[in-house]
Amino acid sequence: MKIELVVNGVRYSREVPPNQRLLDFLREDLGLKGTKYGCDQGECGACSVILNGEIVTSCIILMAQLPPQSDVLTIEGEDQILQLLQTTFSEQGAAQCGACTPGMIMAATALLMKNIKANQDEIEEGLCGVLCRCTGYTKIYEAVKAAQRRLGE
Amino acid sequence: MAVGKRLQRKDARIKVTGKAPYAYDLEFADEQYLDIIRSPFAHAKIKEIKIDKEKLKTLGVVVGTAADIPGKNILHVILDDWPLLAEKKVNHVGEPVMILVSSSRERNEEARKFVNIEYEKLPTVFDPVEAKDHPTIHIFGTNNVCSYWQQKKGDIKNGFKESDIIIENEYRLPAQEHAYIETQGCIAVPQGHDSITVYGSMQCPFYVQRCVAEILGMDWSKVNIIQTTTGGAFGGKEDVPNQIGSLAAFGAWLVKKPVKFLLSREEDIETTSKRHPAVVRYKTGITNDGMLKAVQVEVFLNTGAYSTLAPAVLYRAAMHAVGPYRCENVDVQAYAVTTNLVPFGAFRGFGSPQVIFPAEEQMDRAAEVLDIDPSDFREMHLLHVGDTTTFGQKLTQSVGLEKTLKKAREQSDWYNKRKPSPSIKQILEDQKHGKYLRKGIGISTIFYGCFLGAAGKIMSRTGAYVQIEPDGSVRFAVGTTEMGQGMITVLSQIVADELGIEYDKVHMTPVDTSRVPDSGPTVASRATIMSGRALQDACKQLRTLIYQKITEKFSVNIEDLEIKGQKIYQKSSQKVIISVLEAIKFTYQERGRVAVSGWDVAPSTYFDNEKGQGDAYSAYAFCTNIVEVEVDTETGIVNVLDIWAAHDVGKAINPQTLEGQIEGGALQGLGYGRYEQIIFTPEGSILSNNFGTYLIPTTKDTPRIHSIIIEDPWSEGPYGAKGIGEQPIMGIAPAVTNAIANAVGIRLNEIPATPERVWVALQKKIQEDI
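Just so you know, the protein sequences line up as chains A and B, in that order.
Taking the working numbering, the leading residue of the first sequence gets 426, the next gets one more, and so forth.
Taking the working numbering, the leading residue of the second sequence gets 80, the next gets one more, and so forth.
Simulated from the structure, these hints should not be mistaken for laboratory data.
Think of the CB as a built atom: it goes at the ideal place given N, C-alpha and C, for glycine as much as any other residue.
Hints are not guaranteed to be accurate.
Heads up, simulated DSS-like pairs for lysine-lysine below, C-alpha to C-alpha not over 30 angstroms straight-line [what the hints assert, rightly or not]:
| no. | chain 1 | residue 1 | chain 2 | residue 2 |
| --- | --- | --- | --- | --- |
| 1 | B | 518 | A | 570 |
| 2 | B | 98 | A | 539 |
| 3 | B | 482 | B | 498 |
| 4 | B | 211 | B | 126 |
| 5 | B | 619 | B | 650 |
| 6 | B | 779 | A | 539 |
| 7 | B | 168 | B | 511 |
| 8 | B | 84 | A | 570 |
| 9 | B | 482 | B | 362 |
| 10 | A | 570 | B | 779 |
| 11 | B | 518 | B | 496 |
| 12 | B | 779 | A | 542 |
| 13 | B | 646 | B | 536 |
| 14 | B | 301 | B | 628 |
| 15 | B | 628 | B | 650 |
| 16 | B | 730 | A | 570 |
| 17 | B | 485 | B | 168 |
| 18 | B | 151 | B | 211 |
| 19 | B | 84 | B | 486 |
| 20 | B | 129 | B | 168 |
| 21 | B | 514 | B | 498 |
| 22 | B | 236 | B | 211 |
| 23 | B | 643 | B | 632 |
| 24 | A | 570 | B | 98 |
| 25 | B | 496 | B | 511 |
| 26 | B | 98 | B | 134 |
| 27 | B | 486 | A | 570 |
Some, not all, of what chain B presents toward chain A, calculated at C-beta under 8 angstroms [as the list claims (entries may be wrong)]:
| no. | residue |
| --- | --- |
| 28 | 90 |
| 29 | 98 |
| 30 | 101 |
| 31 | 260 |
| 32 | 767 |
| 33 | 770 |
| 34 | 779 |
In silico contact screen, one side only, chain A against chain B (beta carbon under 8 angstroms); selected entries [as the list claims (entries may be wrong)]:
| no. | residue |
| --- | --- |
| 35 | 434 |
| 36 | 437 |
| 37 | 454 |
| 38 | 458 |
| 39 | 468 |
| 40 | 511 |
Using the sequences and the accompanying hints, generate a full structural model.
This is the structure we're talking about:
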């Protein structure tokens, strides 16, 4: 099937198998390997990307399911909130092994895009779809809060 | 100074931008894919393997069985009982029998139709107590016991005779899945049959090097292992990559092309190692005035189908079975027993969490019987400098245990929060008034034998390579690995200070077995300390080389030189001679030697298993955990509110990465105590094979975690450090269950403390008490 979509601000028009997963389209067809594989079942959140403003697990989205003219933001994107979170995650030591980090940063980006003043409960709710096995989430909260402070300035 | 500062991780930027290359991100020209045909049975004879060679040829799929292995069909870990591919018999569900290699996984899937393996089922055993000395089922030797360690002190019989109260319980511990977010994977790239390079996610490249060389019958010096960015390991990538890397290498040897072997999440959970399940029988004798008189422990570690790391894991279980206390009469008998489950292995804590849960439960139950505050009861028996451990090792320095207890107690406001446990009558009365939530607070104190100890003495050495560049930057290489814990960062800090160079100018090259000699495994919290010591050795040599050149030019005495900040000083006059950067440039101009190798052998340890006594480890780290919970008496749901984790680490080289270890380890420990358990079917396969059925803590399950750092330096460690990988996980589970006991007055002999278990225990207590 033919598909038109925008990924990280770039327009693509491609022929793809309808059962291709968005994860594989991003990684294999576009070479955007920052979106990570983790479980194939939408449970770990490592493959999270922002699709039309919503956080989704790209391993369980088929290309045929994408609404027309979809807009996808991945860890390689150039969004202001995303890039600020990349900085605060680095500063706060919020990335350890790094395997969940792109997915976690995308979830945090989606959260702050919608709710810049998210409180602790809302941060927990916003990030609960991404599993991290290294950090105990503590430094991740600090990174999100550091980004909120800078966005508020 | 870089050491002691919260400097940004070296690998932060590459990870937050998604640019870090994990095994599954690598691509090679003409790469092939490997899949495995695995045993569907827990125990069976392989009667016949039928292969439709014509069909497979048409499909373009190459198969390999044990008979095709060019070298030895053994994955060396310790006891050499683990084959790469099963030959005559399979011993667990999921055991690899054949490999399939082709240009696509779809072809491999199709090929399964043209292979038929005929099995004859054999009787099975899954419980370690049952498997020990089993009359008919023999998985390892004649009694299935693949390892035995003991601790002995004083006279155990007399100890119990002199006790007024004896507390005796049997505890059961589950298998815990590592759940690293990046699954296992290796890629083998052959140069014909001449040599091979294996890339992959791993903790211990030198293990993989040996296995690949032995499987292929190739000289070790022709086998090169390169670690890729490793997305979490926690022990799960200690010995398992021996298998993953060797399977990929065998496939690559067959097809003479690059071969990728990447595991799906389900395949990873179903077929790779986990924390050993265990049965622990624990008997504690105390006097009415609160003396710990006697401790007797029997440990049955379930190793699964192959021994793999069990002898080493069991050693740690045996040494940690009593805890950081003074006790005169001790008897620990520990057995590792093979069964027909997946081979279990290393997991952060390495056999110690299985004994620490029982040990710290027993300490709490003893305090309860004596009606002494459990923190005070522990304090009465804690080890101090000059004391001797229950296995007879005199502690001569760096014992910050009491400080951890006092700090954790103070910061958690322990004495104010600790209330007597409610009676069942009180709980039922409160329920009538709609009050279901009850708070409780619990404690555990632990010690940790740092590094490999006497059981791993042979592997306890490390290499390092340091090279200065003409621009004043430094590259270094070590044989230990980064898997997320922050090793690259802290080692860079050490090198920066040793040479007087800015942290930003120090860079580690990826771990590659051709760069430094076998440096042992990256386990046992040893990387910072042991690679740190080897780097200190290398940097000392480099300083001398630079000083020699300076001495020639400035006519100063070599003994009179020192590096402070980024300058070389004359000690006697305290004058700056030259900046380090200029000195390096000068050394290059003078064609001086600019690269050195460092080497380190860990301080000596020994253990006499006949006597059950010895200097088991080089050093000890200490920790007190305090946990506050809220228990719903109607549903059994336990909500963990706060964890205070106080750790004596000797020295915090980087407090930020150190806190990261404490916070992450604490949450894994909470998972072990509260949520996580692998569920096996009655046939021995794994039911909880994904994150929908095997639950690990999410943001919603995470309490506030308060890291408390105590620095009681160890004179042998770099800058006084003792390491921090394992300790954070070790004592959380009993602190949680002790808090539950405080909240609602029930005791659990089994973890995790699921709502069902807590609810059932409460109902039982209601029936008993009313």
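Here is what the structure says about each hint:
With a C-alpha separation of about 29 angstroms, the suggested pair residue 518(B) and residue 570(A) falls inside the 30 angstroms cut-off, and the hint holds. Among the hinted pairs, residue 98(B) with residue 539(A) is consistent with the structure: their alpha-carbon atoms are about 26 angstroms apart, no more than 30 angstroms. Between residue 482(B) and residue 498(B) the alpha-carbon distance is near 23 angstroms, which keeps this suggested pair within the 30 angstroms criterion. Restraint check for residue 211(B) and residue 126(B): satisfied, since their Cα atoms lie roughly 27 angstroms apart, inside the 30 angstroms limit.
Among the hinted pairs, residue 619(B) with residue 650(B) is consistent with the structure: their alpha-carbon atoms are about 17 angstroms apart, no more than 30 angstroms. Of the pairs offered as hints, the one joining residue 779(B) and residue 539(A) holds, with about 20 angstroms between alpha carbons and a cut-off of 30 angstroms not exceeded. Proposed proximity of residue 168(B) and residue 511(B) is contradicted: the alpha carbons are some 60 angstroms apart, above 30 angstroms. Our distance criterion of 30 angstroms between C-alpha atoms is met by residue 84(B) and residue 570(A), whose separation comes to about 22 angstroms.
A distance of roughly 28 angstroms separates the Cα atoms of residue 482(B) and residue 362(B); the hinted pair therefore holds under the 30 angstroms criterion. Under the criterion of a C-alpha separation no larger than 30 angstroms, the hint pairing residue 570(A) with residue 779(B) is consistent with the structure, at around 17 angstroms. The straight-line distance between the Cα atoms of residue 518(B) and residue 496(B) is roughly 9 angstroms, inside the 30 angstroms bound, and the hint therefore holds. For the hint linking residue 779(B) to residue 542(A), the alpha-carbon distance of about 19 angstroms falls within 30 angstroms, and the restraint holds.
At most 30 angstroms may separate the alpha-carbon atoms for a hinted pair to count; residue 646(B) and residue 536(B) exceed this at roughly 39 angstroms. Of the pairs offered as hints, the one joining residue 301(B) and residue 628(B) is violated, with about 38 angstroms between alpha carbons and a cut-off of 30 angstroms exceeded. At roughly 17 angstroms between alpha-carbon atoms, residue 628(B) and residue 650(B) fall within 30 angstroms of each other, so this suggested pair holds. Using a Cα cut-off of 30 angstroms, the hinted pair residue 730(B) and residue 570(A) holds, with the two alpha carbons roughly 29 angstroms apart.
For the suggested pair residue 485(B) and residue 168(B), the alpha carbons sit about 55 angstroms apart, so the restraint of at most 30 angstroms is broken. Restraint check for residue 151(B) and residue 211(B): satisfied, since their Cα atoms lie roughly 29 angstroms apart, inside the 30 angstroms limit. The hinted pair formed by residue 84(B) and residue 486(B) meets the criterion: a straight-line CA distance of about 22 angstroms does not exceed 30 angstroms. For the hint linking residue 129(B) to residue 168(B), the alpha-carbon distance of about 16 angstroms falls within 30 angstroms, and the restraint holds.
Of the pairs offered as hints, the one joining residue 514(B) and residue 498(B) holds, with about 17 angstroms between alpha carbons and a cut-off of 30 angstroms not exceeded. Between residue 236(B) and residue 211(B) the CA atoms are separated by roughly 25 angstroms; this keeps the pair inside 30 angstroms, and the hint holds. Between residue 643(B) and residue 632(B), the direct Cα distance comes to roughly 20 angstroms. Compliance with the 30 angstroms bound is thereby established for this hinted pair. For the given pair, residue 570(A) sits about 24 angstroms from residue 98(B) by alpha-carbon distance, which is consistent with the 30 angstroms threshold.
The suggested pairing of residue 496(B) with residue 511(B) holds, with an alpha-carbon distance near 24 angstroms, which does not exceed 30 angstroms. At most 30 angstroms may separate the alpha-carbon atoms for a hinted pair to count; residue 98(B) and residue 134(B) exceed this at roughly 41 angstroms. Proximity of residue 486(B) to residue 570(A) is assessed by CA-CA distance (about 28 angstroms); at most 30 angstroms being required, the pair is judged to hold. With a least beta-carbon distance of about 7 angstroms to chain A, the hint placing residue 90(B) at the interface is held under the 8 angstroms criterion.
Because the closest C-beta pair between residue 98(B) and chain A is about 7 angstroms apart, less than 8 angstroms, the hint holds. Given hint, residue 101(B) at the interface with chain A, holds; its Cβ is 7 angstroms from that chain's nearest Cβ, closer than 8 angstroms. At a threshold of 8 angstroms, the smallest CB-CB gap from residue 260(B) to chain A is about 4 angstroms, leaving the interface hint in force. Annotation: residue 767(B) was flagged as interfacial toward chain A, and the flag is violated, the nearest CB pair being 12 angstroms apart, outside 8 angstroms.
Because the smallest distance between the Cβ of residue 770(B) and any Cβ of chain A comes to about 4 angstroms, under 8 angstroms, the interface hint for this residue holds. Hint on residue 779(B) holds. Least Cβ distance to chain A is approximately 5 angstroms, under the 8 angstroms limit. Proximity of residue 434(A) to chain B is violated relative to the hint, the smallest CB-CB distance being about 16 angstroms (cut-off 8 angstroms). For residue 437(A), the shortest C-beta to C-beta distance to chain B is roughly 19 angstroms, which exceeds 8 angstroms, and the interface hint is violated.
A least Cβ separation of about 13 angstroms between residue 454(A) and chain B goes past the 8 angstroms threshold, and the interface hint is therefore violated. Of the supplied interface hints, the one on residue 458(A) holds, with its beta-carbon coming within about 5 angstroms of a beta-carbon of chain B, less than 8 angstroms. Proximity of residue 468(A) to chain B holds as hinted, the smallest CB-CB distance being about 4 angstroms (cut-off 8 angstroms). A distance limit of 8 angstroms between C-beta atoms decides the matter here; for residue 511(A) the minimum to chain B is near 4 angstroms, and the interface restraint holds.
When held up to the earlier numbered hints, the structure conflicts with 7, 13, 14, 17, 26, 32, 35, 36 and 37 and fits the remainder.
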